[in-house]
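> One letter stands for each residue in the lines below.
There are 2 protein chains.
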Amino acid sequence: MDETLFSRRGFFRNAGLVTATAGIALASSGMLNLTKDAEAKGGPTEKWPWPYEKLDPENTAELAYNEWYRVFCGAAVISSVFSQLREKVGEPYKSFPIDAYVFLEGGMAGWGTICGSNAGANIVSNMIIGPRIAGPECENGAQIGADAMQWYSETALPSYTPKEPRVKSAIIQTTSNSPLCHISVGKWMKKSGYAISSPERRDRCARVTASVAFHLVQDLNAWKDNTYKPKSTWKAVSNVGITAQQNCTECHGANIPTPPSAKK
Amino acid sequence: MDETLFSRRGFFRNAGLVTATAGIALASSGMLNLTKDAEAKGGPTEKWPWPYEKLDPENTAELAYNEWYRVFCGAAVISSVFSQLREKVGEPYKSFPIDAYVFLEGGMAGWGTICGSNAGANIVSNMIIGPRIAGPECENGAQIGADAMQWYSETALPSYTPKEPRVKSAIIQTTSNSPLCHISVGKWMKKSGYAISSPERRDRCARVTASVAFHLVQDLNAWKDNTYKPKSTWKAVSNVGITAQQNCTECHGANIPTPPSAKK
Numbered sequence: 001m002d003e004t005l006f007s008r009r010g011f012f013r014n015a016g017l018v019t020a021t022a023g024i025a026l027a028s029s030g031m032l033n034l035t036k037d038a039e040a041k042g043g044p045t046e047k048w049p050w051p052y053e054k055l056d057p058e059n060t061a062e063l064a065y066n067e068w069y070r071v072f073c074g075a076a077v078i079s080s081v082f083s084q085l086r087e088k089v090g091e092p093y094k095s096f097p098i099d100a101y102v103f104l105e106g107g108m109a110g111w112g113t114i115c116g117s118n119a120g121a122n123i124v125s126n127m128i129i130g131p132r133i134a135g136p137e138c139e140n141g142a143q144i145g146a147d148a149m150q151w152y153s154e155t156a157l158p159s160y161t162p163k164e165p166r167v168k169s170a171i172i173q174t175t176s177n178s179p180l181c182h183i184s185v186g187k188w189m190k191k192s193g194y195a196i197s198s199p200e201r202r203d204r205c206a207r208v209t210a211s212v213a214f215h216l217v218q219d220l221n222a223w224k225d226n227t228y229k230p231k232s233t234w235k236a237v238s239n240v241g242i243t244a245q246q247n248c249t250e251c252h253g254a255n256i257p258t259p260p261s262a263k264k
Numbered sequence: 001m002d003e004t005l006f007s008r009r010g011f012f013r014n015a016g017l018v019t020a021t022a023g024i025a026l027a028s029s030g031m032l033n034l035t036k037d038a039e040a041k042g043g044p045t046e047k048w049p050w051p052y053e054k055l056d057p058e059n060t061a062e063l064a065y066n067e068w069y070r071v072f073c074g075a076a077v078i079s080s081v082f083s084q085l086r087e088k089v090g091e092p093y094k095s096f097p098i099d100a101y102v103f104l105e106g107g108m109a110g111w112g113t114i115c116g117s118n119a120g121a122n123i124v125s126n127m128i129i130g131p132r133i134a135g136p137e138c139e140n141g142a143q144i145g146a147d148a149m150q151w152y153s154e155t156a157l158p159s160y161t162p163k164e165p166r167v168k169s170a171i172i173q174t175t176s177n178s179p180l181c182h183i184s185v186g187k188w189m190k191k192s193g194y195a196i197s198s199p200e201r202r203d204r205c206a207r208v209t210a211s212v213a214f215h216l217v218q219d220l221n222a223w224k225d226n227t228y229k230p231k232s233t234w235k236a237v238s239n240v241g242i243t244a245q246q247n248c249t250e251c252h253g254a255n256i257p258t259p260p261s262a263k264k
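Sequence order for the protein chains is A and B.
When we follow the working numbering, the leftmost residue of the first sequence carries the number 1, and every step to the right adds one.
When we follow the working numbering, the leftmost residue of the second sequence carries the number 1, and every step to the right adds one.
No lab work stands behind these hints, which were simulated from the structure alone.
Check each hint, because a few of them may be wrong.
DSS-like, lysine-lysine: derived pairs with alpha carbons at most 25 Å apart [stated by the list, open to error]:
id, chain 1, residue 1, chain 2, residue 2
1, A, Lys94, B, Lys191
2, B, Lys229, B, Lys54
3, A, Lys235, B, Lys191
4, B, Lys190, B, Lys224
5, B, Lys187, A, Lys47
6, A, Lys224, A, Lys191
7, B, Lys191, A, Lys88
8, B, Lys168, B, Lys187
9, A, Lys94, B, Lys47
10, B, Lys88, B, Lys163
11, B, Lys94, B, Lys224
12, B, Lys54, B, Lys163
13, B, Lys190, A, Lys235
14, B, Lys94, A, Lys94
15, A, Lys187, A, Lys54
16, B, Lys187, A, Lys235
17, A, Lys54, A, Lys163
18, A, Lys187, B, Lys47
19, B, Lys54, B, Lys224
20, A, Lys229, A, Lys54
21, A, Lys190, B, Lys88
22, B, Lys235, A, Lys191
23, A, Lys47, B, Lys88
24, B, Lys235, A, Lys88
25, B, Lys191, B, Lys88
Label-pair restraints from in silico Cβ distances [claimed, not checked]:
id, chain 1, residue 1, chain 2, residue 2, range
26, B, Lys190, A, Thr249, 38 to 44 Å
27, A, Ser261, B, Val89, 42 to 48 Å
28, B, Arg166, A, Cys248, 29 to 35 Å
Reference listing, derived: stretches of chain B covered by chain A, where coverage requires no fewer than 3 residues with Cβ under 8 Å from a Cβ of chain A [unchecked claim]:
id, region
29, 171-181
30, 232-245
31, 252-261
Note that the Cβ used here is the ideal one computed from N, Cα and C, for glycine as well.
Take the sequences, apply the hints, and build the full model.
Shown next, in the form of structure tokens:
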């Protein structure tokens with residue numbers, strides 16, 4: 001994390017310089033050295049934003065739900081959006097290797113870290129809108145990804161019920177207070193009593209994946225309409241002095257360490 | 001996580017069916033329905049493995065170290081490998097949007113989840129070798145990614161010292177026992193006393209990124225030489241009944257919950 005860059009982003013937002021035209025003007029003035037670096041390194045898919053056409057959230061959620069049973073959480077979110085854009089737009093979506101992201105399953109190869117659906121949402125928003133180093137018109141890629149993680153943490157999930165669920169019994173909802181697979185799945189397993197390998201747990205994760213895809217497309221559609229507003233408020237480095245989630249006490253208990261300050 | 005698939009992977013390994021030829025034979029026999037699905041969905045970059053040429057680990061680490069200061073941990077690992085393969089091989093590396101992965105910084109947009117260098121290593125190994133659903137010749141993509149996470153967790157990092165470090169003072173090493181950014185950075189900050197925004201912390205993360213890239217390329221080169229052997233032993237779902245890391249007590253203390261069993 002580069003604090004200078006985060007300040008730079010704030011500068012752009014405050015100055016209202018949010019159009020591609022302004023970005024080009026700044027680049028030509030030499031102010032946007034990072035943008036110029038990015039352009040110098042960039043391949044043919046590294047021109048942002050990628051073309052985007054608005055998608056139906058419900059259709060996307062249905063695709064994500066069914067794709068879970070083929071490629072699991074992370075790749076299912078990516079597939080639910082990019083498979084539609086492959087048809088509506090074509091490149092660069094046709095050249096994006098969706099299926100390679102199966103490894104996001106189980107919080108990355110089963111290690112329980114970031115929930116794959118959150119990783120997939122971040123990949124989608126950042127591929128379409130671009131990275132913050134590519135200029136001010138690209139800052140909402142990471143922002144929509146952060147919004148996805150905060151929404152996931154605060155929402156009773158799964159929030160989406162598929163039209164034809166593979167498991168017919170009710171799937172209870174839990175709120176994770178965390179974007180991590182281990183915590184999200186663990187809280188659901190504890191409340192529901194179902195094992196990791198049960199059909200119910202698997203359908204729960206497929207429905208969570210669908211829920212994340214639904215929410216993600218709502219944000220992308222708003223961004224396309226220029227009505228998107230950042231919702232997540234969590235800025236860990238400035239809030240608590242270290243990269244972190246918000247639920248400090250859940251792991252640390254009452255003894256939350258104080259990170260070294262910048263005044264050392 | 002689909003347990004059936006993990007069993008299937010075990011079957012392939014036990015049967016020694018690790019060549020592309022065998023995969024094709026099984027696909028044509030109808031046994032590999034998942035592979036056929038993957039092929040039906042696949043775009044032009046979804047034929048695995050991607051062509052790979054062996055890279056020099058030290059050169060790769062130097063690239064990763066310097067790229068950290070442009071695109072940060074996750075994208076720097078990807079760039080250190082793919083920028084070389086863009087030159088040596090060309091496509092599909094030229095079409096892969098490296099810079100979009102800046103968002104992996106700070107454990108994904110600053111949330112402290114998976115360390116970006118681990119996410120980047122998983123992306124590299126899975127893009128090159130492919131996902132497990134694409135057939136038995138692709139199973140080592142996720143395996144090398146898991147190896148990267150276990151190595152990262154168990155190694156005193158940073159293990160690589162760049163030739164011309166930007167911070168000249170000694171950077172102490174710490175062992176994270178976790179693939180997560182928050183825990184890795186937090187333990188280093190606690191032992192070193194440096195703040196998150198200090199030049200020393202930033203150079204520490206650049207060196208960790210270089211260390212991960214060095215180790216990753218060693219594994220990829222061995223895979224290319226057909227001498228790669230899986231090293232990580234952590235299979236969370238079968239070991240502890242939930243997607244998880246190994247360091248249970250670090251968050252749970254003595255009260256480690258028992259997940260619901262499959263016998264419910």
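> Do the alpha carbons of lysine 168/B and lysine 187/B lie within 25 Å of each other, as the hint requires?
Given pair lysine 168/B, lysine 187/B holds - Cα atoms ~21 Å apart, limit 25 Å.
> Given that the region 171-181 of chain B was listed as covered by chain A, double-check it with a C-beta distance under 8 Å for 3 or more residues.
holds (count 3)
> With the threshold set at 25 Å, check whether the alpha-carbon distance from lysine 94/B to lysine 224/B stays at or below it.
20 Å, holds
> Straight-line Cα separation of lysine 54/B and lysine 224/B no greater than 25 Å?
Distance of about 7 Å is within 25 Å: holds.
> Quick one, are lysine 94/A and lysine 47/B close enough, alpha carbons at most 25 Å?
Judged against 25 Å, a Cα distance of about 13 Å means the pair holds.
> Take a quick look at whether lysine 229/B and lysine 54/B sit within 25 Å of each other, Cα to Cα.
Within the cut-off at roughly 17 Å; holds.
> Between serine 261/A and valine 89/B, does the beta-carbon spacing fit 42 to 48 Å?
47 Å, holds
> Take the C-alpha atoms of lysine 88/B and lysine 163/B, compute the straight-line distance between them, and say whether it is at most 25 Å.
24 Å, holds
> Under the criterion that the straight-line Cα-Cα distance not exceed 25 Å, is the pair lysine 54/A, lysine 163/A satisfied?
Status holds; Cα separation ~22 Å.
> Take a quick look at whether lysine 235/B and lysine 88/A sit within 25 Å of each other, Cα to Cα.
40 Å, violated
> With a cut-off of 25 Å on the C-alpha distance, tell me whether lysine 191/B and lysine 88/B pass.
Status violated; Cα separation ~41 Å.
> Would you mind confirming whether the straight-line C-alpha gap from lysine 235/A to lysine 191/B stays at or under 25 Å?
OK: lysine 235/A and lysine 191/B at ~24 Å, within 25 Å.
The structure shown violates the earlier hints numbered 1, 4, 5, 6, 7, 15, 18, 21, 24, 25, 26.
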